[in-house]
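> Based on the provided sequences and hints, a complete structural model is requested.
No gaps in the numbering here: position 34 of the sequence shown is 34 in my numbering, and each next residue is one more.
Keep in mind the hints are simulated off the structure, nothing from the lab.
For every residue, glycine included, the Cβ atom is placed at its ideal position computed from N, Cα and C.
One should not assume that every hint holds.
DEER-style ranges, computed between Cβ atoms [stated by the list, open to error]:
#: 1; residue 1: Pro144; residue 2: Leu122; range: 28 to 34 Å
#: 2; residue 1: Leu158; residue 2: Thr125; range: 16 to 22 Å
#: 3; residue 1: Ser56; residue 2: Pro144; range: 31 to 37 Å
#: 4; residue 1: Glu151; residue 2: Ala92; range: 42 to 48 Å
#: 5; residue 1: Pro121; residue 2: Lys101; range: 16 to 22 Å
When the alpha-carbon atoms are kept at most 20 Å apart in a straight line, the in silico EDC-like pairs for lysine to aspartate or glutamate are as follows [claimed, not checked]:
#: 6; residue 1: Lys101; residue 2: Glu85
#: 7; residue 1: Lys101; residue 2: Asp1
#: 8; residue 1: Lys101; residue 2: Asp83
#: 9; residue 1: Lys101; residue 2: Glu134
#: 10; residue 1: Lys101; residue 2: Glu114
#: 11; residue 1: Lys101; residue 2: Glu82
#: 12; residue 1: Lys101; residue 2: Glu30
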Amino acid sequence: DHVLVAVRDLDAATRTTATLLGRRPSWRGEHPGEGTANTLFRIENTYLELLAPNGSGPVAALLEGWLGERGEGPLGLAFGTEDAEACATALAPLDAGPVVKGLGRDVDSGAFREWRRVPIPLARTRGVLLFAIEHTSPPESLPPAGLACEEQAAALALDH
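Structure (structure tokens):
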């Protein structure tokens, strides 16, 4: 579904990533009650999420610890699912779940996006942040990242 990158300075990382991809952000948001902010770049095959601490909250505390130990860079992978409850049941042998509801608010438009996430404990993934995500908002709530340069110079997709 998407790739997450941990950053300290979201504005600087957004500018750098926009230049690298040749794209404008699809979404600049915050997670109410979690203490994080993000920038999303939706492209053809996935979206890239830059995630930074923003105030206090449970996710901010975890992210601060991650950044302190590992620094900025790749944070995790989210795998898409159509049914978070069924996914949590299937992943129960990995001690996954319970399903966690998520909410994001775009700071520019005020729009909201919602999802349901199935976390997998880091102890079961050798320290790699992995989770399944079911988007409950319509796909059009996260528009494609607009061009910031000529089309032939812009990234179309992400690959390893």
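> Look at each hint and say if it fits the structure.
Each hint tested on the structure:
One distance hint, 28 to 34 Å for the beta-carbon pair Pro144 and Leu122, holds here, with the actual separation near 32 Å. Separated by about 21 Å at the C-beta atoms, Leu158 and Thr125 satisfy the suggested range of 16 to 22 Å. Roughly 33 Å separates the CB atoms of Ser56 and Pro144, a value that falls within the hinted 31 to 37 Å. A beta carbon spacing of about 45 Å between Glu151 and Ala92 agrees with the range 42 to 48 Å that was offered as a hint.
In this structure the supplied range 16 to 22 Å holds for Pro121 paired with Lys101, their Cβ-Cβ distance being about 19 Å. Restraint check for Lys101 and Glu85: satisfied, since their Cα atoms lie roughly 11 Å apart, inside the 20 Å limit. As the CA atoms of Lys101 and Asp1 are separated by approximately 17 Å, the hinted pair is consistent with the 20 Å bound. Restraint check for Lys101 and Asp83: satisfied, since their Cα atoms lie roughly 13 Å apart, inside the 20 Å limit.
Restraint check: the Cα-Cα separation between Lys101 and Glu134 comes to about 10 Å, which is no more than 20 Å; the hinted pair holds. Distance restraint check for Lys101 and Glu114: the Cα-Cα separation of roughly 7 Å lies within the 20 Å cut-off, and the hinted pair is therefore satisfied. Pair hint Lys101 plus Glu82 holds up; C-alpha atoms about 14 Å apart against a cutoff of 20 Å. For a cut-off of 20 Å, the pair hint linking Lys101 to Glu30 stands: about 15 Å separates their Cα positions.
When the structure is compared with the earlier hints, no violation turns up for any of them.
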